[in-house]
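> Hey, can you piece these two chains together into the complex? The hints should help.
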Amino acid sequence: MNGVFSRSAGVLVLPGPGTHDCTVIDLVGGEKQDPLEAQYLYSAVQDWEDIDGSDMESLVTAGSHEYWVARSVSLLRLAIGGLERSLERRVLAHVEEILGSRVSSGEVINRLLVAPLADPDSPRAPCRTALTYGLAAVASVLDETADIQPLLQRFCDHWLGLPGTVFSQFTESREAVWLTVVEKARLAELLRARGRSEFTTTWNLLAFHFPEPGSRSGVESVGQRLSGELFPDEEPREGVTDGAPAERERAPRDGKEPATSAREAFEKVKRQISAIAEAVSRGQDAKATKFLRELINQQTSLRGGEGYAVKSLCNIGKRCADMFRTDFEADCLAQAIQLAPSDAWALIQYGDHLKRAGKYDEALKVFAQAEQLGEGELAQCCTADVFSQQGDYARAIRAYEAVPGFRQKPEILTAIADNLRRMGRMHDAGTAYAELIRLAKQGRRGFARSVVRAKVGLAEIAKREGRLDEALGSYREILSHEGIDDRDRLVYGLGLCNVLKLKEQFQEAYVVVDGIIQDFPFAMEARFLRGSILGLCGREDEGLKDVFESPVSRSWREWLRRYYRGLLLFKLERYEDAKKNLVEELPNVIASAEEKAVLSMAAALWFLSRDETVEADGLLSTIPDLHDCHARYLSLVLRLHSAARREDVALMDSLRKQIADIRIVDQTLERAVTALWERGFSIALSYEVDALLKLAA
Amino acid sequence: MEAALKERSGVVVSMPASRARQLFENPAELYANYEKLVGAGLRAPAPFANDQHRCAVSALLFGSYANRIVYGALSLTTEGLPTYGAAHCRLRPVSVKQRTSFLQMNSFNFVKCTEMAPGDPIPPGYMASWGERHSLVLAKLADRLSVGQTESEWQAMLIASDGVNRHNDDFVEAHVYGGFDCNAIESLARNQKRLSRQEELDMDIAMSRFEQSLSEGEP
Numbered sequence: 004m005n006g007v008f009s010r011s012a013g014v015l016v017l018p019g020p021g022t023h024d025c026t027v028i029d030l031v032g033g034e035k036q037d038p039l040e041a042q043y044l045y046s047a048v049q050d051w052e053d054i055d056g057s058d059m060e061s062l063v064t065a066g067s068h069e070y071w072v073a074r075s076v077s078l079l080r081l082a083i084g085g086l087e088r089s090l091e092r093r094v095l096a097h098v099e100e101i102l103g104s105r106v107s108s109g110e111v112i113n114r115l116l117v118a119p120l121a122d123p124d125s126p127r128a129p130c131r132t133a134l135t136y137g138l139a140a141v142a143s144v145l146d147e148t149a150d151i152q153p154l155l156q157r158f159c160d161h162w163l164g165l166p167g168t169v170f171s172q173f174t175e176s177r178e179a180v181w182l183t184v185v186e187k188a189r190l191a192e193l194l195r196a197r198g199r200s201e202f203t204t205t206w207n208l209l210a211f212h213f214p215e216p217g218s219r220s221g222v223e224s225v226g227q228r229l230s231g232e233l234f235p236d237e238e239p240r241e242g243v244t245d246g247a248p249a250e251r252e253r254a255p256r257d258g259k260e261p262a263t264s265a266r267e268a269f270e271k272v273k274r275q276i277s278a279i280a281e282a283v284s285r286g287q288d289a290k291a292t293k294f295l296r297e298l299i300n301q302q303t304s305l306r307g308g309e310g311y312a313v314k315s316l317c318n319i320g321k322r323c324a325d326m327f328r329t330d331f332e333a334d335c336l337a338q339a340i341q342l343a344p345s346d347a348w349a350l351i352q353y354g355d356h357l358k359r360a361g362k363y364d365e366a367l368k369v370f371a372q373a374e375q376l377g378e379g380e381l382a383q384c385c386t387a388d389v390f391s392q393q394g395d396y397a398r399a400i401r402a403y404e405a406v407p408g409f410r411q412k413p414e415i416l417t418a419i420a421d422n423l424r425r426m427g428r429m430h431d432a433g434t435a436y437a438e439l440i441r442l443a444k445q446g447r448r449g450f451a452r453s454v455v456r457a458k459v460g461l462a463e464i465a466k467r468e469g470r471l472d473e474a475l476g477s478y479r480e481i482l483s484h485e486g487i488d489d490r491d492r493l494v495y496g497l498g499l500c501n502v503l504k505l506k507e508q509f510q511e512a513y514v515v516v517d518g519i520i521q522d523f524p525f526a527m528e529a530r531f532l533r534g535s536i537l538g539l540c541g542r543e544d545e546g547l548k549d550v551f552e553s554p555v556s557r558s559w560r561e562w563l564r565r566y567y568r569g570l571l572l573f574k575l576e577r578y579e580d581a582k583k584n585l586v587e588e589l590p591n592v593i594a595s596a597e598e599k600a601v602l603s604m605a606a607a608l609w610f611l612s613r614d615e616t617v618e619a620d621g622l623l624s625t626i627p628d629l630h631d632c633h634a635r636y637l638s639l640v641l642r643l644h645s646a647a648r649r650e651d652v653a654l655m656d657s658l659r660k661q662i663a664d665i666r667i668v669d670q671t672l673e674r675a676v677t678a679l680w681e682r683g684f685s686i687a688l689s690y691e692v693d694a695l696l697k698l699a700a
Numbered sequence: 193m194e195a196a197l198k199e200r201s202g203v204v205v206s207m208p209a210s211r212a213r214q215l216f217e218n219p220a221e222l223y224a225n226y227e228k229l230v231g232a233g234l235r236a237p238a239p240f241a242n243d244q245h246r247c248a249v250s251a252l253l254f255g256s257y258a259n260r261i262v263y264g265a266l267s268l269t270t271e272g273l274p275t276y277g278a279a280h281c282r283l284r285p286v287s288v289k290q291r292t293s294f295l296q297m298n299s300f301n302f303v304k305c306t307e308m309a310p311g312d313p314i315p316p317g318y319m320a321s322w323g324e325r326h327s328l329v330l331a332k333l334a335d336r337l338s339v340g341q342t343e344s345e346w347q348a349m350l351i352a353s354d355g356v357n358r359h360n361d362d363f364v365e366a367h368v369y370g371g372f373d374c375n376a377i378e379s380l381a382r383n384q385k386r387l388s389r390q391e392e393l394d395m396d397i398a399m400s401r402f403e404q405s406l407s408e409g410e411p
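Protein chains in written order, with the numbering used here: chain R, 4 to 700; chain L, 193 to 411.
With the rest of the complex left out, here is chain L (with noise of 0.2 Å):
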């Protein structure tokens, strides 16, 4: 496993398909002097104000810039989160090994379980960065490990998730710090859970996009 870890783990991020459509949608492209227009980042990055929970969660783990992190679960396949939604985007290695760690479970629960309080350093070995990720998961699921185990099995560890109840999901977190673009993506997938004829037109684009993207050979 180890060695699959190492050469085959990556970050994937999941999302609504919407959120999916509209990373291949580039108004600065389809635009002449768009950026001089608009500017960039203008309106004012609002957080969750009223999710109080949720930034003391991530304020305890990244401080200041804890709305600068973008959330993802590390995958061995194409496959991410269901419960996040129906896209699955794994992002390029060289986009975000440089800005990515991954801490053992959910912050959500790894706070609760912790009982972290503010001011508390994070306990040792619960976090990696992209080059120890392997020992992070190895150190999690070591007394689940047996000879014989297929990558499907390890993959079915390593994201457990009854699709339903994000409070089910057991998974490595991934934080990468910084937004990223269609350009990051390396591979986009969907999950077999049954959309609406909205989410399913927006996923049908993004998959068309990406796919023309990728036949146009840029990303």
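Isolated chain R, as found in the complex (with noise of 0.2 Å):
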């Protein structure tokens, strides 16, 4: 059975037992209505559409669904172009009691996808208005949209870049195709992607809503094309091998110099780069590559470019890394790679770039290679670098060791005092940064530049052992050095910001990474670090911004921005969203125990809140001894908290006197343990999340 319906009037037309009869059912009242009466000028024209179904019930229900749908969407692309406060008010109270009733949130966000925003911060003010009303559904499909826009972009960009010729096996239209993918495709599912099978595996369920088989082969083939685009770095070689629209563009070679002069010429590559890294900080990947191609074929038409190249490629690449864009990373260091395969130093790039993916074993591989292209100190600390982000610190010591004249070299007997700290041998550590700085002091050759080094990682020591005002005047007089470049800079000013958050000196943190980001704006870890700030400071929504949902592969401190994103989300009450960062996530992190530690605790929160003891102990279970006096701290409590709801009093008893025995100062935590006693367990929750927000660094 077949009829004609308008998903934006709510208006179905069934043929009736005559050839001259029909049926028009009001699909929102449920009701027939007179076919005269029905006539014209329900909806536009172009809103008709056809609709199957087995009979006529089948019909109106599904008529109906896609009339609310319809509806819920129109109205909340209102709401997302403003309007004025009473009528944004009652249109979200009524998208609220749809979500409640008629449709679910996904396909109601899968449809807002249709294209990107040119405003991809427009849902944040009629989600903010809906909180403040506690329309907590409508506030969740807003905000899960802003969230999604940088992969909805990227998504498109890739989409809109692809040739047409992809399409002739489609007896639908290129627009058409699109249109299915957004209504039938589970969009936000497949931006969300985290590899090319999940990719491939969502995307291929497209195939049905294709009568033609030679759609299916086209959607077949579309997939294919589209997982190659989205995730490069499964295959960081393929781009390399298939430059042929690269070599096309690519300017014939004269040897010829180009008229600029070389001042001129480098301060257009840097523009050209900073374009690419905004580009790609906006997810607008395919004209990211489009500028990429054009630096690249410009550089390597001048005699002896290749170099500038290769130098631009790693530039881009490490600017990549700062956002945790590890698939463009991939793809400019493999085309380094391929125009320069001796250069040690964009090998050593790439396999730092593989040991922050956790692909260590490739890493290695790549060490070894450029190794033997003759850097071989360099290749051997890398290597080192990697048993060390492994969480094999006494290994990582023996390879820094093994560096011919270690003693003599200031970076080195650095990493190895970093590496006992990382251990928890702090008496070790600390004699090591010590005699680093007094070799510094006796005028040992090259060792000067090591002193605000071993500063910090004595700093770092006092923050885990709690001695939190030594380790604030340390940073602060490291930082008070005009000597210090900005990279280094960064790195101190983050460290700055973290123990002013310990310190519960948040206003200041704020001030401090506000400005990190100001003069580093793609680092992304500077931004995750005022997301939590935003969040100790309740306000969460902004906070939000700084921690926003990000397609690519997982990679090394990436999962900071999931971790602060689901205790923000739970501090919102958000909870199932907060499940999906905190508790689902925890499996595919890249971190070190102790981060995982810290994971580990705020998924045992979760569960807690839910009253799910035996899960948050299992995980509990699994945290080994800690180094660091805060988190140890916070262990202690969150068992406490699991103890009180399971009135294990006994336990209670043991886990308070341990407690008692932590000589740090920690307001948050002794509120939270007083809660616990009382069995005021949100109240606990509320200190322990944000002990959590504070806690990671």
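One or more hints might be untrue.
[Stated by the list, open to error] Each computed DSS-like pair below joins lysine-lysine, with the alpha-carbon atoms no more than 25 Å apart:
#1 K35(R) x K385(L)
#2 K228(L) x K187(R)
#3 K293(R) x K228(L)
#4 K458(R) x K444(R)
#5 K574(R) x K599(R)
By construction, these hints were calculated from the structure, which means they are not laboratory data. The structure presented is a predicted model; accordingly, all values stated were derived computationally and were not measured.
The following block contains the structure:
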């Protein structure tokens, strides 16, 4: 049985028993209408669509569902576009009602993703309004719509960049295929796919919505093409070997030098690199790729320009790493290696990328290659870094000590001290840092520059041991030096912020991190940190903007985004969304054992909030002995929380004694303990979540 | 009346509140690359396939472009036919005068009364272009006009409706070729019909957006 319906007007027209008869059904009220009364002007002519179903009931159900989805989307678009306050509230309340009874949030979000928003943040304002009035479902839809914009932008960029020939198998137009993707492909899920396999699995389901065999093959080939472009890092060399478009666009090499001066050329390249980084940060991959191709073509068209091109590619790769855009970084580095296969520095940077992506074996192979190319010492240190990131600190130290003449190399001695600190051998680490400072004071050649680095190490030890005033003083003193380079200043500035957070000096922490972000707009770790500080200041909504969702593969330190995001969502009582970030992400993170312990605590907190103590205890039992006294304190409080929920008084007493032995002052956790003793679980949760926000660094 | 018709009469399209609201929802403005991704008019115009009679009437009058016609009523005020919806959109003359014709009555009744058959020409004297609309009205209402009538009385003659049954509507039907968007709307009025909560919301949104667009000086 088939009919026609208008999803905007909510009217279904079905063929009647006679040739000239028809039945008109008002899908809103579910009543039949007089066909004559139901004539024209119900909706725009383009709005009428064919609809199929087994019987009238199924047609009415399907049509009605489509009507409510379309209505929700239409109203939310108006709210996103801006409505006067009183109207906005009524509109959002109405959509909340629809979401509560008629359609799922996911369907509405998918339809809102028909194209990237001109202003990606435009859903935030109505989202805040919705939260003000307790309209959680609609707030969640708006928030997710805003969060997903960079992913959508990136996806659309690739989609629009696909050549027309890719769609030649379809009987439908390219635009019609896109609409089917939006309406049928669970687009939000597709955008969040974490790899080719996940993407392809979701994408291929789309074939069921295309009746023609040609279109189905088209679905498959478009899917393959898109997954290849969206996840290049799964096959990093692929983009290098398939260099046809770049080759076509390459300017002929005539050996003539350009008329511009070296200074002008340098400035131009700087601007081009900034534009590429900007495009990557906005998810405009096609644009970034185009700019990159132009830059590389331009540089390689000069005699001996490959070297410059490799430097540009490595420079962009570094910026991408700061943004945690490891996919684009991989692409840049693969191109760099193709241009200069024997450039050890490019190889080392590529190996570092693999290390951060958790591909340790591959990283080690690349460093071995670099070692053979003459960068032995650097490659050995990088190899040691891999062991360190894997948590095998003893092996890392042995690898550093294998570097010839390591005792005369302050960078290596600092790295050894760092690994001692990570192992928890604070005293040994402190001694090693102090020795570095002593040697510098003695005027040992090359050691002067390691003084600041050693002081940072000591400040970190003080922080971990709860001597926050000392740590704070050290960082302030370190940052007062004028000779520190920009990159180090960024790292030390973040260190200072972390101490300020632990001391609950949130306003100052915000000012410091905000200043860093002004100076380093692509430093995502700084943005994550600002997000956490905003959350601690009770500005969770604002904080979420800094810890937006990202489609890229996991990498080292990237867990902070999901961790902070999960905690902010938890504070906003959006527990299901928080779960995705705190619990479901846990097995996938690339992090050290101590960082994983912090993540496990956050996941345990989620289970405690649901009163699921078995799961919480399971997670807490995996936490090893912690060297950081703040983390140790919090783990005891969470165990106390679980025991209190289970009314295990004996364990509570034991834990309370252990907590009393901790000498650091943490008023937040002290309040949490008091609340737990009085069985004030929700109050305790609010302190615990803040403690977790303070903790990670 | 002739002067009033020449100077102040226009096309009013009446529609349900939800349709009026949608006129002010412009996805192309909200999204970047909207047109590139979605294209324009993708959903094939699907007429009221089963409304055979309606199609036959339209086809008799307009032939192959029947499904491109938007129906309205000639009006001296901002009010249109209440039986077609709560929202009355009066269209800017400049946006429709080159593409509008008028029929002395509802086309459905007209075909019935004149017993037109496929291929028959439209009898002369019942249709007019924009510039001759006053003549069409005067010919229709001549025997009801008298000295001393007010403009509101003329309006009541021009659009007569009980607000309930479309069979009882009497008006001069306007046929606008092609669609129109919110920029073509000169005024937006609502009738006094009681609306559901949903319709009320749609109507308020439409009114608010229309007023906003006026204050921004766009349309």
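> Give a verdict on every hint.
To see whether the hints hold, each was checked on the structure:
1. K35(R) x K385(L): Measuring from Cα to Cα gives roughly 20 Å; hence the hint holds.
2. K228(L) x K187(R): holds, 19 Å
3. K293(R) x K228(L): holds, 19 Å
4. K458(R) x K444(R): Judged against 25 Å, a Cα distance of about 13 Å means the pair holds.
5. K574(R) x K599(R): holds, 21 Å
Checked against the numbered hints above, the structure breaks none of them.
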